[in-house]
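Asker: Letter by letter, the chains look like this.
2 protein chains.
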Amino acid sequence: MNLVAPVNIVELLRQLREGDGALQNEIARVLQRIREAEPTLKAFIDEPGREQRLMKQAAALESEYADRAKRPPLYGLLIGVKDLFRVDGFETRAGSRLSAELFAGQQASSVTRLVEAGALVAGKTVTTEFAYFSPGPTRNPWNPEHTPGGSSSGSAAAVAAGMCHAALGTQTIGSVIRPAAFCGIVGYKPSFGRITTDGVFPFSVSADHVGVFASDVAGVARLAAVLCRPWNHKAAAREPVHKKSVVAVPCERYLAQADAGARRAFERGLERLANGGARIEQSSLLDDIDQINAAHNDMIAAEFAQVHAAWFDKQRKRYSETSAELVQRGREVDSQRVSQARQDRSRLRERITQESERLGASLWASPASASAAPRGIEATGSPIMNLPWTYAGVPALTVPCGLSEDGLPLGLQLCGCYEGDEALVARAARIEAILAASSDD
Amino acid sequence: MNLVAPVNIVELLRQLREGDGALQNEIARVLQRIREAEPTLKAFIDEPGREQRLMKQAAALESEYADRAKRPPLYGLLIGVKDLFRVDGFETRAGSRLSAELFAGQQASSVTRLVEAGALVAGKTVTTEFAYFSPGPTRNPWNPEHTPGGSSSGSAAAVAAGMCHAALGTQTIGSVIRPAAFCGIVGYKPSFGRITTDGVFPFSVSADHVGVFASDVAGVARLAAVLCRPWNHKAAAREPVHKKSVVAVPCERYLAQADAGARRAFERGLERLANGGARIEQSSLLDDIDQINAAHNDMIAAEFAQVHAAWFDKQRKRYSETSAELVQRGREVDSQRVSQARQDRSRLRERITQESERLGASLWASPASASAAPRGIEATGSPIMNLPWTYAGVPALTVPCGLSEDGLPLGLQLCGCYEGDEALVARAARIEAILAASSDD
Numbered sequence: 001m002n003l004v005a006p007v008n009i010v011e012l013l014r015q016l017r018e019g020d021g022a023l024q025n026e027i028a029r030v031l032q033r034i035r036e037a038e039p040t041l042k043a044f045i046d047e048p049g050r051e052q053r054l055m056k057q058a059a060a061l062e063s064e065y066a067d068r069a070k071r072p073p074l075y076g077l078l079i080g081v082k083d084l085f086r087v088d089g090f091e092t093r094a095g096s097r098l099s100a101e102l103f104a105g106q107q108a109s110s111v112t113r114l115v116e117a118g119a120l121v122a123g124k125t126v127t128t129e130f131a132y133f134s135p136g137p138t139r140n141p142w143n144p145e146h147t148p149g150g151s152s153s154g155s156a157a158a159v160a161a162g163m164c165h166a167a168l169g170t171q172t173i174g175s176v177i178r179p180a181a182f183c184g185i186v187g188y189k190p191s192f193g194r195i196t197t198d199g200v201f202p203f204s205v206s207a208d209h210v211g212v213f214a215s216d217v218a219g220v221a222r223l224a225a226v227l228c229r230p231w232n233h234k235a236a237a238r239e240p241v242h243k244k245s246v247v248a249v250p251c252e253r254y255l256a257q258a259d260a261g262a263r264r265a266f267e268r269g270l271e272r273l274a275n276g277g278a279r280i281e282q283s284s285l286l287d288d289i290d291q292i293n294a295a296h297n298d299m300i301a302a303e304f305a306q307v308h309a310a311w312f313d314k315q316r317k318r319y320s321e322t323s324a325e326l327v328q329r330g331r332e333v334d335s336q337r338v339s340q341a342r343q344d345r346s347r348l349r350e351r352i353t354q355e356s357e358r359l360g361a362s363l364w365a366s367p368a369s370a371s372a373a374p375r376g377i378e379a380t381g382s383p384i385m386n387l388p389w390t391y392a393g394v395p396a397l398t399v400p401c402g403l404s405e406d407g408l409p410l411g412l413q414l415c416g417c418y419e420g421d422e423a424l425v426a427r428a429a430r431i432e433a434i435l436a437a438s439s440d441d
Numbered sequence: 001m002n003l004v005a006p007v008n009i010v011e012l013l014r015q016l017r018e019g020d021g022a023l024q025n026e027i028a029r030v031l032q033r034i035r036e037a038e039p040t041l042k043a044f045i046d047e048p049g050r051e052q053r054l055m056k057q058a059a060a061l062e063s064e065y066a067d068r069a070k071r072p073p074l075y076g077l078l079i080g081v082k083d084l085f086r087v088d089g090f091e092t093r094a095g096s097r098l099s100a101e102l103f104a105g106q107q108a109s110s111v112t113r114l115v116e117a118g119a120l121v122a123g124k125t126v127t128t129e130f131a132y133f134s135p136g137p138t139r140n141p142w143n144p145e146h147t148p149g150g151s152s153s154g155s156a157a158a159v160a161a162g163m164c165h166a167a168l169g170t171q172t173i174g175s176v177i178r179p180a181a182f183c184g185i186v187g188y189k190p191s192f193g194r195i196t197t198d199g200v201f202p203f204s205v206s207a208d209h210v211g212v213f214a215s216d217v218a219g220v221a222r223l224a225a226v227l228c229r230p231w232n233h234k235a236a237a238r239e240p241v242h243k244k245s246v247v248a249v250p251c252e253r254y255l256a257q258a259d260a261g262a263r264r265a266f267e268r269g270l271e272r273l274a275n276g277g278a279r280i281e282q283s284s285l286l287d288d289i290d291q292i293n294a295a296h297n298d299m300i301a302a303e304f305a306q307v308h309a310a311w312f313d314k315q316r317k318r319y320s321e322t323s324a325e326l327v328q329r330g331r332e333v334d335s336q337r338v339s340q341a342r343q344d345r346s347r348l349r350e351r352i353t354q355e356s357e358r359l360g361a362s363l364w365a366s367p368a369s370a371s372a373a374p375r376g377i378e379a380t381g382s383p384i385m386n387l388p389w390t391y392a393g394v395p396a397l398t399v400p401c402g403l404s405e406d407g408l409p410l411g412l413q414l415c416g417c418y419e420g421d422e423a424l425v426a427r428a429a430r431i432e433a434i435l436a437a438s439s440d441d
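The listed protein sequences derive, respectively, from chains B and R.
Under this note's numbering, the first residue of the first sequence carries the number 1, and numbering increases by one thereafter.
Under this note's numbering, the first residue of the second sequence carries the number 1, and numbering increases by one thereafter.
The following block holds chain B by itself, in its conformation from the complex (with noise of 0.2 Å):
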C-alpha cells in the first residue's frame, strides 16, 4: 500500500460544495484510509467512536446546508487538529503525561473558525511532549523508518498520508515547516500574531504561531483565508506572478547549517526558478545567525519555564528528560535577556523587509530542513533552518523540491517580510508549480 495519499483540497471542496450526498462518500473515504494507514503510521490519538462520529456530523452537516448555494467555504474539509489545541469533546494533552485537566479550557479560536466554516475534526494529531523534542509513536509515511518531523507530526504525517485533507500545526523553531518539508507537502506559518494562538497550550508566548498544512499551495492559501484575519484577497490576486522576479538568498554562515544533501536539493530548486526566470541574488542576511539561534534558544527556553513554573517541581517525574532539561535551562536565562531578545526580533523583522527592498526581492528560499528526515523516531530532525524566520516572526512556507539520495522529500523553505503573507503565498504557488514542472528533469 502507497501511504503517500495527499488530497488536493480545491478541487475536493468544489466537489463537496457541489454535490449532494459527497460529503459521506469522501468520509467513508478517508475513513476507510485511515483504517488502512494509521496503524503503520499513528498519526493520530486513539478515538474509539471517530468512524460514528464523523457520519453523525456528515449528516447534521448536510442537513444543515442542503441549500448548496449557503455551503461555508469548508464544507465537509476534514482537519487533524494537533493535540497542543482545545478542541470542545476532545480531551487535551499536549503529548505529557500531565493530568488532562491541567491542559483543559475554552475551545482554541482558530479551530472554532474552521469549524464555523464548515470544516469537521478528522481527529487529534500527536504532538511531541509541549511541543517540544520528545516524539510520540508517529512515523513517516514515505518511509516508516523515519521520522516524520516534530513537533507537528501527527498533523504533517496524516496529511501527507491522505487520513485528513488538512491539519493545524504550531511553530515555536521549526515545527510546521519541517514537518511538512519531511513528509512531502506544503506547510505554512504566518507572520507572527495574524492567526491567534489563543485556547492552543503555549510553548513560548513570544515565538509560538499557528500554522497549517496541506498537499499543496492552493490548498493552505484556503486555510489562510479563514485562519489569518484579515485575508487580503485583493492583494493575493495582485501579485505579479508573471513577471521575472528576483529571489534573495541568505548568507553562507547560515546555509552552512544544512548538509551536502539538503545544500544540493536546494542548489538544484534555486536553478529551476532561475531556469523559470527568476533571478537569484546572494544577501549578507544573517551573518549573525549564532547570536540569532542563541537569542532565540533562550527567549523560548526561560518561556517554557515560565509556562511550567506551577507544575514542574510537583511534578517532576512526568517529565521527559528533555524537557526537565528545558525547563532548567529556561530558569537560568536572565530576566534582561529574555526582554532583549524580544525586542530584537523587530530588529531582524526590519533588516529582512530592508535588504528585500534594496535588493528588489520578492521573497527569500532556503532549504526548508537541515537534512532529510533522519532514521529513527526517537528524535525528530534538526528546526535550525526556521528558527531566524520563527524568530523574526516573518511568514514562511514550504513546497516540495525534490528527493534525498534514500527517496525522501525535501522542501523549499520561501520567506516573506512581516504582514507580506499574501504576497508570499501567491508567489509560492507560482514557484510550486515551476518546480513541479522541472521536477523530472
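Possibly wrong hints are sitting among the right ones.
Below, computed lysine to aspartate or glutamate pairings styled on EDC-like, alpha-carbon distance capped at 16 Å [unchecked claim]: (1) R:Lys234 / B:Glu332; (2) B:Lys234 / R:Glu332; (3) B:Lys70 / B:Glu116; (4) B:Lys234 / R:Asp334; (5) R:Lys234 / B:Asp334.
Just so you know, these hints were derived from the structure itself, not from any lab.
Starting from the known structure of chain B, arrange chain R on it as the hints suggest.
Answerer: Relative to chain B, chain R alone:
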C-alpha cells in the same frame, strides 16, 4: 453627590483576599453606587437582574474559595466590559441597531482570563456604534454636561464613578487613552497583539488593541499581569525608577494638534517631571504626522468596510450616518494602499525604538488628548494625539495631569518601545507619583 469616586484596586484586592464576607459587602456597596450614579451617567447596558446575579455569583465565589490561601489574583474584582466583547450570558450589540445574533459567539478570551483570575462581570458598558464615532448616552462623571470620550465611553465613566473596580476597553485610534484622560483615570493599551482580541467584535484587525481602565497605575498593572501573557514581573520590578530618567517629547508638528489648554497642562506636567529629576529631550519624531494620520485612517477605514461587507448593503438603514460614511470611504481605499500601510507600521515602530536609544530616553510623553472633554454628548472628542502610537503598536498609558480651566481632567500620555510594556508601566507609576505630589502647586 460626587459622581467621581474611583476605587483603589490594590488595597481592595488585599482586603477581599484576606477577609471573610468582605466580598459580599463590597458588592453591596458597588451596587448601591450604581443605583445612585447610573441614572445620570448611563455607563452600563441595562441588565434587569444585575443585583441578584452579582450577589449569587459572589456567594458562589466565596464558597469556592473558602480557603483564603487559594484565592486567585483578582478575587472579587468587579469589571465593566465594553459591549464589543462577547461575554457568556450577555448579548453583544457593539452599540449598534443590528440584530444581536450577528455578534454572537464564543466568550472573549480576555474576559475568560479575568474570570478565571477571580473577577466578576459588573456589566456590559456602553460603546459608540461599532467602536467608531457615533456615541451612546453615557456622560462624564466630572461634569455630566460633557462627553466621557469614546469609544470605550461606558468603561471609562463606570470606573471613574466607582460603579465597577476596573474595565476592559478597546483602542483602534484613541478609544482607551482618550476616555481615560477625559474621566481622570488611568488607561493602558499594551503593545499590539499582547492581549488577544479574540472574541471582540472587530473594527480594524490591524489596529484593534484590547486595553484596560483602573483608578491608578498599580491597578492597571494587576490587570496587565493577568491579560498580557507573558508578563515579565522581574523586568517590571527591575526598572531603575530611582535613577534620573530621560523623557522624550515628539516634534511640534504633532504637538500642535492639541489646543492651548491641553498644551499648557502638558507643559506643566513636563515641568513637574523635570523638577522630579527627569531630563526632557525634544525630538523630531512624528515630523511626518500627516502621512501617519492618513495611512492609519485609510487602513482602518478599509478594514472596517471589510468587516461590514456582508451586512452593510442589506441593512444600510440600521447604520448611523457616521459609520455608513466610514464604510463608504473604506471601500474606496486601494488594497495596495492598505498593504503598504500595514507594512509601514513596523517602520514607525522601529523608528521609535531607534530614536529612544539615540536619546537614551526611557519613554515618550505627550498630551493624552487634543483638549479636555468637549461639552455635549453628541461627539466624543478627538483621538488625534493617540493615533501614531496606536498605529505603531507601541504601549501607551495615560496618567492624570492637572485640570483644564473648566475643571475637567487632562492626561499625560506616556508611550514606550514595542514590547517594552513592563518598563513603561513601572516608569508610569513613578511619574504618577511625581505628578500627584505636585498637583497642588
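Asker: Hint by hint, note whether the structure agrees.
Answerer: Cross-check of the supplied hints:
1. R:Lys234 / B:Glu332: Satisfied, since the Cα-Cα distance of roughly 13 Å is no more than 16 Å.
2. B:Lys234 / R:Glu332: holds, 13 Å
3. B:Lys70 / B:Glu116: Status holds; Cα separation ~13 Å.
4. B:Lys234 / R:Asp334: Distance of about 9 Å is within 16 Å: holds.
5. R:Lys234 / B:Asp334: holds, 9 Å
Taken one by one, the earlier hints all hold for this structure without exception.
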